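Engineer: Here is what each chain is made of, one letter per residue.
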Amino acid sequence: MQSTKQYTLAELTDGLEIDIKGDPHCLISGVSTIQSAQPGHITFLTNAHYRKHLPETKASAVILSTNEASDCRVNAIISRNPYFIYAKIAERFSTVQTTQPGIHTSSVIGDNADIHPTASVAAHCVVGANVRIGAGVVIGPGCYIGDDVTIDNNTILDARVTIYSRVTIGKRVRLASGVVIGCDGFGFANQHGQWHKVPQLGSVEIADDVDIGANTTIDRGAIENTVIEAGVKLDNLIQVGHNVKIGAHTIIAGCVAIAGSATIGKGCMIGGTTAIAGHVSIADNVICTGMTSVTKSITESGMYSSGIVGAVPNIEFRKNNARFYRLDSLMKRVKQLEQAIIKIIPVSADKLQSDE
Amino acid sequence: MQSTKQYTLAELTDGLEIDIKGDPHCLISGVSTIQSAQPGHITFLTNAHYRKHLPETKASAVILSTNEASDCRVNAIISRNPYFIYAKIAERFSTVQTTQPGIHTSSVIGDNADIHPTASVAAHCVVGANVRIGAGVVIGPGCYIGDDVTIDNNTILDARVTIYSRVTIGKRVRLASGVVIGCDGFGFANQHGQWHKVPQLGSVEIADDVDIGANTTIDRGAIENTVIEAGVKLDNLIQVGHNVKIGAHTIIAGCVAIAGSATIGKGCMIGGTTAIAGHVSIADNVICTGMTSVTKSITESGMYSSGIVGAVPNIEFRKNNARFYRLDSLMKRVKQLEQAIIKIIPVSADKLQSDE
Amino acid sequence: MQSTKQYTLAELTDGLEIDIKGDPHCLISGVSTIQSAQPGHITFLTNAHYRKHLPETKASAVILSTNEASDCRVNAIISRNPYFIYAKIAERFSTVQTTQPGIHTSSVIGDNADIHPTASVAAHCVVGANVRIGAGVVIGPGCYIGDDVTIDNNTILDARVTIYSRVTIGKRVRLASGVVIGCDGFGFANQHGQWHKVPQLGSVEIADDVDIGANTTIDRGAIENTVIEAGVKLDNLIQVGHNVKIGAHTIIAGCVAIAGSATIGKGCMIGGTTAIAGHVSIADNVICTGMTSVTKSITESGMYSSGIVGAVPNIEFRKNNARFYRLDSLMKRVKQLEQAIIKIIPVSADKLQSDE
Numbered sequence: 001m002q003s004t005k006q007y008t009l010a011e012l013t014d015g016l017e018i019d020i021k022g023d024p025h026c027l028i029s030g031v032s033t034i035q036s037a038q039p040g041h042i043t044f045l046t047n048a049h050y051r052k053h054l055p056e057t058k059a060s061a062v063i064l065s066t067n068e069a070s071d072c073r074v075n076a077i078i079s080r081n082p083y084f085i086y087a088k089i090a091e092r093f094s095t096v097q098t099t100q101p102g103i104h105t106s107s108v109i110g111d112n113a114d115i116h117p118t119a120s121v122a123a124h125c126v127v128g129a130n131v132r133i134g135a136g137v138v139i140g141p142g143c144y145i146g147d148d149v150t151i152d153n154n155t156i157l158d159a160r161v162t163i164y165s166r167v168t169i170g171k172r173v174r175l176a177s178g179v180v181i182g183c184d185g186f187g188f189a190n191q192h193g194q195w196h197k198v199p200q201l202g203s204v205e206i207a208d209d210v211d212i213g214a215n216t217t218i219d220r221g222a223i224e225n226t227v228i229e230a231g232v233k234l235d236n237l238i239q240v241g242h243n244v245k246i247g248a249h250t251i252i253a254g255c256v257a258i259a260g261s262a263t264i265g266k267g268c269m270i271g272g273t274t275a276i277a278g279h280v281s282i283a284d285n286v287i288c289t290g291m292t293s294v295t296k297s298i299t300e301s302g303m304y305s306s307g308i309v310g311a312v313p314n315i316e317f318r319k320n321n322a323r324f325y326r327l328d329s330l331m332k333r334v335k336q337l338e339q340a341i342i343k344i345i346p347v348s349a350d351k352l353q354s355d356e
Numbered sequence: 001m002q003s004t005k006q007y008t009l010a011e012l013t014d015g016l017e018i019d020i021k022g023d024p025h026c027l028i029s030g031v032s033t034i035q036s037a038q039p040g041h042i043t044f045l046t047n048a049h050y051r052k053h054l055p056e057t058k059a060s061a062v063i064l065s066t067n068e069a070s071d072c073r074v075n076a077i078i079s080r081n082p083y084f085i086y087a088k089i090a091e092r093f094s095t096v097q098t099t100q101p102g103i104h105t106s107s108v109i110g111d112n113a114d115i116h117p118t119a120s121v122a123a124h125c126v127v128g129a130n131v132r133i134g135a136g137v138v139i140g141p142g143c144y145i146g147d148d149v150t151i152d153n154n155t156i157l158d159a160r161v162t163i164y165s166r167v168t169i170g171k172r173v174r175l176a177s178g179v180v181i182g183c184d185g186f187g188f189a190n191q192h193g194q195w196h197k198v199p200q201l202g203s204v205e206i207a208d209d210v211d212i213g214a215n216t217t218i219d220r221g222a223i224e225n226t227v228i229e230a231g232v233k234l235d236n237l238i239q240v241g242h243n244v245k246i247g248a249h250t251i252i253a254g255c256v257a258i259a260g261s262a263t264i265g266k267g268c269m270i271g272g273t274t275a276i277a278g279h280v281s282i283a284d285n286v287i288c289t290g291m292t293s294v295t296k297s298i299t300e301s302g303m304y305s306s307g308i309v310g311a312v313p314n315i316e317f318r319k320n321n322a323r324f325y326r327l328d329s330l331m332k333r334v335k336q337l338e339q340a341i342i343k344i345i346p347v348s349a350d351k352l353q354s355d356e
Numbered sequence: 001m002q003s004t005k006q007y008t009l010a011e012l013t014d015g016l017e018i019d020i021k022g023d024p025h026c027l028i029s030g031v032s033t034i035q036s037a038q039p040g041h042i043t044f045l046t047n048a049h050y051r052k053h054l055p056e057t058k059a060s061a062v063i064l065s066t067n068e069a070s071d072c073r074v075n076a077i078i079s080r081n082p083y084f085i086y087a088k089i090a091e092r093f094s095t096v097q098t099t100q101p102g103i104h105t106s107s108v109i110g111d112n113a114d115i116h117p118t119a120s121v122a123a124h125c126v127v128g129a130n131v132r133i134g135a136g137v138v139i140g141p142g143c144y145i146g147d148d149v150t151i152d153n154n155t156i157l158d159a160r161v162t163i164y165s166r167v168t169i170g171k172r173v174r175l176a177s178g179v180v181i182g183c184d185g186f187g188f189a190n191q192h193g194q195w196h197k198v199p200q201l202g203s204v205e206i207a208d209d210v211d212i213g214a215n216t217t218i219d220r221g222a223i224e225n226t227v228i229e230a231g232v233k234l235d236n237l238i239q240v241g242h243n244v245k246i247g248a249h250t251i252i253a254g255c256v257a258i259a260g261s262a263t264i265g266k267g268c269m270i271g272g273t274t275a276i277a278g279h280v281s282i283a284d285n286v287i288c289t290g291m292t293s294v295t296k297s298i299t300e301s302g303m304y305s306s307g308i309v310g311a312v313p314n315i316e317f318r319k320n321n322a323r324f325y326r327l328d329s330l331m332k333r334v335k336q337l338e339q340a341i342i343k344i345i346p347v348s349a350d351k352l353q354s355d356e
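Protein chains in written order, with the numbering used here: chain A, 1 to 356; chain B, 1 to 356; chain C, 1 to 356.
Calculated from the structure, these hints are not laboratory results.
All of these numbers come straight from a predicted model, not from anything done at the bench.
Note that CB positions come from ideal geometry on N, CA and C, so glycine has one too.
Among these hints, one or two may not hold up.
Lysine-lysine pairs mimicking DSS-like chemistry, simulated, CA-CA at most 27 Å apart [stated by the list, open to error]:
{"no.": "1", "chain 1": "C", "residue 1": "Lys319", "chain 2": "C", "residue 2": "Lys332"}
{"no.": "2", "chain 1": "C", "residue 1": "Lys332", "chain 2": "B", "residue 2": "Lys335"}
{"no.": "3", "chain 1": "A", "residue 1": "Lys266", "chain 2": "C", "residue 2": "Lys197"}
{"no.": "4", "chain 1": "A", "residue 1": "Lys343", "chain 2": "A", "residue 2": "Lys319"}
Computed list of chain A residues with no C-beta within reach of chain C, every gap over 12 Å [unchecked claim]:
{"no.": "5", "residue": "Cys26"}
{"no.": "6", "residue": "Ile78"}
{"no.": "7", "residue": "Glu300"}
Only chain A is shown next, with the shape it has when bound in the complex (with noise of 0.2 Å):
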């Protein structure tokens, strides 16, 4: 990406804990990724997948680590945390949107709502009763917030967010398109075969510095609110349940399901596509990879995984799913061959444990 700004290493690097190898007064003027820079441009090494190309990078610097860096040719910012550091340096280059301050005159806000002079409200939005929106908050084009709902300040709703009724949303928040908060939870009691809505009388209530993915959804809390605590970060199409509680510094990747009243620990790294059953509880520090299915609590902090993953020929899956279900036979097959050698060679005998 190249910009047309343009700063020294020294520079870009003030006030961030690195040690430079090489020439600090080197202009740059973007940054690129390890395989497409430039001369003029930053990089980044963290994934040792893309380390085959740092010898032969164009680009005039690149932030690693120690053990990285003997490697680099450039210009080295060698950190512990290079991609810290990378988002910091990429944060110059970036080109803040500036909004005006003020209330579209399209948009239609209720009664009593208290919206801070230096808040921005686009166009066509529709703001309710009683609301309150604090300082420098930025809500975008075509955004609904219901009646008594607070929004903290600095926080920034793109365009086309939902927020309902009584929900609280935190200092620094951001809200991608189509989130919806505070919708109501699925709750519904059958009755002679049919379905009766339970009340959803809680709402949602989202801590600071929170950021929330596109077309997330978060239900509001059947009786208490639906949690999510500081610094939790959400991706694109999420589902959170009524009445869950996701811990401060969590981070869930795109479209895991949350059902209701699971409670998620705090510094967790949720990958994409897990599925978190109702009622569960997981420890803090726990990390579930993608795809994991989380049926039962998870006590301890670690690793999780589950299923078979990892795509094969469909001819090999086909086999593999066919001796999965013969597996019971199997079992009994192998049990009787001990008992068969058990006759012949008593003496063994202890040596063929069985788990049955």
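Place chains B and C on chain A using the hints.
Structural biologist: Frame of chain A; chains B and C shown alone:
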């Protein structure tokens, strides 16, 4: 949830099939969970997971079944269906949003639209030509309703719902924000390596008392209509393909994917993240647990599941995966053992049965 | 689907590569499914599942392949690609919505937007600065188009589509309601237990003839662009992570999750609910059946699958799960049996091969 309303137990349960064990004049001012309840609250017990909280609950009353009642030290509301009774009682503490009838001046209404005077169309809606909106219907802010759509009495669309042309929606239907109904089904014909759109000529019929969750999508039929029968309850982020039929009073949890032309019977319960293949049929009263993959028709009622579920430590998972892919070799080894044994002790050969 | 239009078989098939077996003057007034067709309807047979309906169909004509034609008792339209022929014929019965060119007065248009006079912008849209909208483009109600977006000729956005800034969209693209293109990719760097946003400096390029289904989300690139090549077809509720590249004429069914930096080749077919891990590459012409988990790169064309699929009665499923977790013990028992046998009949030891 504390409320400004207050009722005696007798008032709250008037007309419901319950027995009160305790004081029918006890005043109740809110509902709560069994573990968080305070004096003045009513709560319920339906999930064995929460039974441990019953002896110490501070609630003034608990709704529960006969066989839980003996452990209840406070007023007990005894029912064969405690969750349904809770639903009815919670309604009394629910704040019903009152909506003004009429069409907001910012909304754009097409030719020949027939909107009942008791219906409400909020701000920034676009309603197409020849739309019929019945008595008591509530259309939330920012909805789009295509041409020739019919919405029957007392149906509620939350903010930012999209209904494509010619869709019909029954009475007392509730559609959450971000729902899209009647988008084109996924039909493409390949000719010489390129995909050509197959016109999607059908539409969608939603019967009475259907609930649809946030950001769920329902495709219009290719030729005939996609049909959602009466009383169906769909959670958030569900995909319903073209030509699908979902039978009456079936309930489907979040993130389920239903491929085109699948038929689901009446009274089914489909767990979250289940995937249903195209063209399969599922009988009435089938239960699929969460994460089931339905690849063939299910012809009898009952509970179905699939795969290997449950999160295990990643190191175990890696071993399991490895073992799974050695199953074929294991089966061959057992067969060779059987053949070797038979040579030694032919008398026991009949006991060594093979399924291969 | 009955229509007010009527054509002879000869008119309907003019210019298409087919043979008519029967009466080319037969009048056709609508399309239908093979099982519901009435006289005057044309239908098609492409799925063996529906072959049983051919002998009794009441249709006036059936589009089918040569080897099905002998069972057809009505007029037959014989083609090597019956579904493509059906698509072309169905277009004749499709109602094309005519849209008035011009910008609805309620829409808000940014500075320097260049909107072609033949394009249409419906009500309640917000179009950013420096946007270029080509000839014949249709922007549905309630869309948001960010600054510096380019939309090429004859592209159609249905209602409530969101396009973030700097995205480029080709010709004849169709975007269904709720689509979000160009939202920030999911990039966060952890420093001292907290997640810091990594600026997402790239954008999204959508080439010509791409279709994208309802509520699908496509993230903008971290540095370079996320790229969707020509003729790609995406179904509903798909997540496309940042930096992903999808090759020309690839088709992807609903609810697929594609993690960041994955590359999918040309001409692939990806079944519904498939999950594709980050940074993997998939070769051209790969087919993944539904529910595949692609965790490593696929380097050769072919059909791939994974996991254990297929719903079985829950009681069987529980046994299978239990057996699976005893595989390790089973393998050890077989090894011990082999060692015991070898002591008795060393001559056959060469037949007892181990893969351990």
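Engineer: With reference to the structure, classify each hint as holding or not holding.
Structural biologist: Here is what the structure says about each hint:
For a cut-off of 27 Å, the pair hint linking Lys319 of chain C to Lys332 of chain C stands: about 20 Å separates their Cα positions. A threshold of 27 Å between alpha carbons decides the hint, and for Lys332 of chain C with Lys335 of chain B the separation of about 16 Å falls inside it, so the pair holds. The hinted pair formed by Lys266 of chain A and Lys197 of chain C meets the criterion: a straight-line CA distance of about 18 Å does not exceed 27 Å. Between Lys343 of chain A and Lys319 of chain A the CA atoms are separated by roughly 34 Å; this puts the pair beyond 27 Å, and the hint is violated.
Consistency note on Cys26 of chain A: stated as away from chain C, and its beta-carbon is indeed over 12 Å from all of that chain's, at 19 Å minimum. Against chain C, the non-interface label of Ile78 of chain A holds: every CB pair exceeds 12 Å, the least being about 16 Å. No beta-carbon of chain C is positioned within 12 Å of the beta-carbon of Glu300 of chain A; the least distance is around 19 Å.
Going through the hint list in order, the structure does not satisfy hint 4, though it satisfies all others.
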